[in-house]
Amino acid sequence: AQTVTQSQPEMSVQEAETVTLSCTYDTSENNYYLFWYKQPPSRQMILVIRQEAYKQQNATENRFSVNFQKAAKSFSLKISDSQLGDTAMYFCAFMNAGNNRKLIWGLGTSLAVNP
Amino acid sequence: DSGVTQTPKHLITATGQRVTLRCSPRSGDLSVYWYQQSLDQGLQFLIQYYNGEERAKGNILERFSAQQFPDLHSELNLSSLELGDSALYFCASSVDTGQETQYFGPGTRLLVL
Numbered sequence: 010a011q012t013v014t015q016s017q018p019e020m021s022v023q024e025a026e027t028v029t030l031s032c033t034y035d036t037s038e039n040n041y042y043l044f045w046y047k048q049p050p051s052r053q054m055i056l057v058i059r060q061e062a063y064k065q066q067n068a069t070e071n072r073f074s075v076n077f078q079k080a081a082k083s084f085s086l087k088i089s090d091s092q093l094g095d096t097a098m099y100f101c102a103f104m105n106a107g108n109n110r111k112l113i114w115g116l117g118t119s120l121a122v123n124p
Numbered sequence: 007d008s009g010v011t012q013t014p015k016h017l018i019t020a021t022g023q024r025v026t027l028r029c030s031p032r033s034g035d036l037s038v039y040w041y042q043q044s045l046d047q048g049l050q051f052l053i054q055y056y057n058g059e060e061r062a063k064g065n066i067l068e069r070f071s072a073q074q075f076p077d078l079h080s081e082l083n084l085s086s087l088e089l090g091d092s093a094l095y096f097c098a099s100s101v102d103t104g105q106e107t108q109y110f111g112p113g114t115r116l117l118v119l
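One line per chain: the protein sequences are V and L, in this order.
Be aware that the first sequence starts at 10, since it is given in the numbering used here, and climbs by one per residue.
Be aware that the second sequence starts at 7, since it is given in the numbering used here, and climbs by one per residue.
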């Protein structure tokens, strides 16, 4: 069974600095998708970034980028120029490419951006 | 705003009762997913429907059931409620034709007293 591990329960960063959140996963599949979702205090679940396993190029979305290491089964999220609005829980999630498209979640990392 | 709507936003009920949570997917999305987020178990997949048919089942209790209607909205029914069912229930939707991203509704916060 697939599992997702986020080893950092809490992190903090100063405004305008860069922070990296870690995620590792376990799977025997070759084709899959990885996601980072953000959950601010409003509890809304917001997609931050996605990565297809067959793509070697790391995904980027403005200040957010990932470091996808397929062989190491690692999928870290880098947030550059951190803003106060980035304060949230961040969840790493895995999805198989087969018919069952359920998301398997890590336990989350609580990120605090300090002024 | 993801385009996924869920009602009600909050629900307070008593043990042993039955509730229905409702979800309307984004326009054009055929798949609906239900997730439960609780303090002790984190986020867990419950069930997926695709165009009215059940496609995948996760850790969904027998006391829980769901369906997707012809207009593609979905309902999650929770019965014989227990204190441990208190959680945030999310609905998500996707096109499910190669675009794998799931977009989440705002959730329904259920409190069982």
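Hints listed in this document are in silico derivations from the structure and should not be mistaken for laboratory results.
Quick caveat: nothing in here was measured; it's all calculated off a predicted structure.
Think of the CB as a built atom: it goes at the ideal place given N, C-alpha and C, for glycine as much as any other residue.
Just to be clear, a hint being listed does not mean it is correct.
Here are some chain L residues pointing at chain V (derived, C-beta under 8 Å) [what the hints assert, rightly or not]:
no.	residue
1	PHE51
2	ASN57
3	GLY64
4	ARG69
5	THR107
So, going through the hints one by one against the coordinates:
no. : hint   : in the structure
1   : PHE51  : holds (4 Å)
2   : ASN57  : violated (13 Å)
3   : GLY64  : holds (6 Å)
4   : ARG69  : violated (20 Å)
5   : THR107 : holds (6 Å)
Comparing the model with each numbered hint stated earlier shows that hints 2, 4 do not hold.
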